[in-house]
Every structure is written in C-alpha cells, then in structure tokens.
Amino acid sequence: MEQKKEMTDFAVVENRRVAETYVELVLRPVGKLAKVVPGQFAEVRVEGAEGVMLRRPISIHDIDTEANTLSLLVQIVGRGTRRLSQLASGERLNLVYPLGKGFSRPKSTASHILLVGGGAGIAPLYYLAKTLSREEVHITTLLGGRSEALIPARDKFMPLGEVCLTTDDGSAGVQGLVVDHPCFAEAYDMIYTCGPTPMMKAVARSAAARDMSCEVSLENLMACGLGACLCCVVDTDTGHQRVCKEGPVFDISGMTKWYELC
Amino acid sequence: MLEVAVHNLKLKNPVMTASGTFGYGEEFADFIDLEQLGGFVVKGTTGSHREGNPYPRMAETPSGMLNAVGLQNGGVGKFCTEVYPRIKHLHTNIIVNVSGHSIEEYCSVAEQIDSLEHIPAIELNISCPNVKQGGMTFGVDPDQAARVVSEVRRVYGKTLIVKLTPNVTHIAEIAKAVEGAGADSVSLINTVLGMAIDVERQRPCLSTITGGLSGPAVKPIAVRMVWQVAKAVKIPVIGLGGIASAADALEFLMAGARAIQVGTANFVNPRVTIDIIEGLNDYCHRHHIGDINDIIGII
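These protein sequence lines map, in sequence, to chains A and B. Under the numbering used here, think of the first position of the first sequence as 1, with each following residue one higher. Under the numbering used here, think of the first position of the second sequence as 263, with each following residue one higher.
Do not take every clue at face value.
One side only, chain A facing chain B, incomplete, derived with CB under 7 Å [claimed, not checked]:
{"hint": "1", "residue": "Ala-223"}
{"hint": "2", "residue": "Ala-228"}
{"hint": "3", "residue": "Cys-231"}
None of these hints come from the bench; they were simulated from the model. We put the CB at the ideal spot given by N, CA and C, even for glycine.
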C-alpha cells in the first residue's frame, strides 16, 4: 500500500540560520505529522515572492515526533528560497508531503554505512542518520563544501558517529573533494549520498568500482512532485524515471548510464 | 445547477483537468475525490511507448512555466491493459488524449480507445509543440487538421474532441475546418510556443530550446481565442489556459466555453479543481443563477 500524501498547513515554530546561506525551518502541522521515510521530500508553497508560482521541492531534514515538528534545511538560491528564509515564527506554510521514495534500510543492523553529503544535499542525510542510529548501525558521515561556512548542520551528526569534512579551500577538514578523503576509501556495507550531481556521480562511480551498495538522492527541477507532469525525469538504465515518484532515491545498480556520463 | 453537456457527454459540472497535468488521475486521488470532477483528461497517449525529451524539461517563467516533456508515455497498449482497469470504475468522464506522428498512428490509437467501454471521448491532440511531427504540424494548417480529423472520425464513433494550438494566426479557421471534418467539440488552447535562456550558464533552459508555455501568463490569450472560436463554430468549445480560480473559469464560460480544463494550477494546489467547483457554486448563489448554462457565451 502506497503512503498517503497530504496537503497541510504548518506554522513556523522556529527559523534559524545554520550556515552562511542556509536556514533551518522548524514547522508544526495543524494536526498530527504524517509518517515520513528518510529521503522523502515536501513540495512547499511559497507565497509572497514575486515571480514564484510553482512549489519548491525540499527534502525533509528532521522529524521530531514528540514535538510534532518537521524541519526543512533551506539553501537560499533564488527568490523562492529567499522568501522561505525570511519566514517569521507563527507564519503559515503549506506543504504537500510526504513525497517520493526514500532511502532503503541497510541489510543488517550490524552494518557500517557511509553518508556522503554536499551542500543542501546534507539535509535528508540527517534524518536518515538519526533513524539508523536508533538501530545501532555504525555511521560515518562525510560532508563537503566550498568552505567551512558552507557546510550546514555538521554538528548535528557528531553524536551519531564519526564526522569527516572536506572543503575546497581547506578551511575545515581535508582540502579537496569528498572522494579524496581517506575515510571514503574504506569499505562500507552501504553508501548513501545526496548533494551536487558531479559529487554524487563521483561517489557512485567509486562505489560501483568497489562493488559497494550505494543509493543516490537526486534533486531535479520539478513541477508537480506527484508523478503527473513528467518534468523531473532522470535517464536511467531502464529509461526515463520520475525523480519525484520512482526517486528521489535511486539504487545506483540501475543508474550506470547516469553516473558514467560526467 | 452546474451540469453542462459537451456533445454526448454529461458533466456534473464544467470542471475538467487538462492532459499532461493530471497524470491518470490516480496521482491526485489522495487530495480530491475524482468523482466530483466533470471529467479528466489523461496523459497524451501514442501508438507505442515514448521516452520523451531529455532533461531539463521545464522552466518556471513569470506567472507560468515552460515544458518540453515530449509525450513520454507507455503507449496505448499499456494504457488499455494496465492503466484503464485501475481507473475505469470512476463515475466521471475519463477522456484520453490521443497523440501521434502520423494519421495512421492517430487512427490506430483512437480505434483501440474506442473499444474501452468506460472512455466516452477522446481528445485528439493535433497541437503538441514539443515533438517533431508531434501533431502541431497538423494543427497549424486547416486542410491538414481537417484531414486527420476526418480519418479519425471514420474509425472513432464516440465523442471526438479536437485540441487546438494557439500557435496560429487565425484559430477560428482551424476550428471551422475540424468542425467540418466531423469533430464533436474543440478544446483550446494547448501551450504557447515559448523559450527561456539561463543567462548565467548562457544556454537554453530547456533541452529542446523551445517549449510550451502554460499557466496564468497565457490566460488572456486563451480567453480571446475561446471567444473567437465560440463565435465561429456550432460545436461546444472547451476552454483552458491558465485557469487557477473560479473567476478564471467564469471568464472562459462567459467567453463561450461549455466546459473548462484546469492544467498547471494542479501543480500549485492539487485541490484547485474542487475549490473551483465550490467557487462556481458560490458564484451562482450570489448572482441568483439557477443554471450555469445561462452565462455561457454571454460576451
């Protein structure tokens, strides 16, 4: 049975700046939160931003079932996300959620997994890490960014396992790309990655070459988010698949065409 | 109060959804009761499976969006065996948008859909701007349009709606040509051919360079064309193009549309069709209109 989607009004509980161009929005729905699988996303309606009509697909960063809140990590990239970054506590935000297919679970709880995140792609990995940490999965997190100030939410991963960093300018961690970090060369039962496309492709290529299981979470331009408009497709080994429906998380075993094309 | 008729179709209200924006209806079933709609038009269906155009296929533009999906669909065979059995029980008018690149393909798809008991109509798409020979070549010329419609008419016995492109100088001439060729209704407008450029990357926003513009940006063009066509033909006109509210729908009805389709607005608000139906009811109450047909074509 497929998960039921809903359109719900949320109130902004908190809006805090978490890195140079990122805010975390903590939202509480009118009723009870729907069950969300890590890796799923919401289509967020942006009101009051000139020229913004379509909803913005944003992955779900955290769920706090006790507080009945959902968090979005928003990278300010355009008019829509700028408006979201300016929301005040108490303002209303309309979400269509939970959308898409999330990350799969590692095959056993004794697994050692690697999370590789870059930029806004770090967002869904936190909720995944939090969920898996309850199952005693050994988690290593590898986060990359242009500089230290552009790696959001890294402190949150600390209590959940080792955290490794790479930066382009060397301001934190190892200077270079995520695939250059020594921890990336180790063996893992599963690699989960979300971030800029070239980063995910590099991670996928390496995982495939080493015969490691790997899932990528894609971030294509989207209109409906419901599987109806077919705008967000990715060219997989079995043809065009909808990122909003068959994804956003894809197992790389069916994505050779995608990751081999640089 | 809101019942309308489009040829043999009885609609409980004039609100339908536009092809390509509503999937097969199922995608919206969590948000609305599909049976409350006057009808819905499913995704453009071709003779065989189509992969569509490469990504990127869409770009947001002021008050609208460009798309270049390019008729990605599983083909008519898959529709009949996999999709149809899942939706046929719905008590509303399910209309299949029929696309093709040749007259033979249009006829073959129409014939296969004709055999489906619970599909009372097809919408013949002679106006897709996003594929080469994607129908728009038929839709921009009155003689070509008449030719494909008369051929489909020979093999298709139920309600035949023809979807028109706005990318022409005189849309009423095309409408008259398809009426003469046996169309039972026309729907308009399909998307307006457009283009957008990403100046930072110095390349087109769409993989196909040009694409189809939809959303509120095209509404005044659509209202004008519906008005022109409704004056020119006797068959019922279905209006669409940027409808996002009951007021928008009323503009089309007053311009002469017997029914309307909601497209891009479904992406913004998956419940918008129900909001529009409620808004039409409310409007009729406020204006003491006992029958919505009384305001159709009053302009």
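Against the structure, the hints:
The criterion of a C-beta within 7 Å of any C-beta in chain B is met by A:Ala-223, whose closest approach is roughly 5 Å, and the hint holds. Taken as an interface hint, A:Ala-228 checks out: its beta carbon lies about 4 Å from the nearest beta carbon of chain B, inside 7 Å. Here the hint on A:Cys-231 is kept, as its CB sits about 4 Å from the closest CB of chain B, short of 7 Å.
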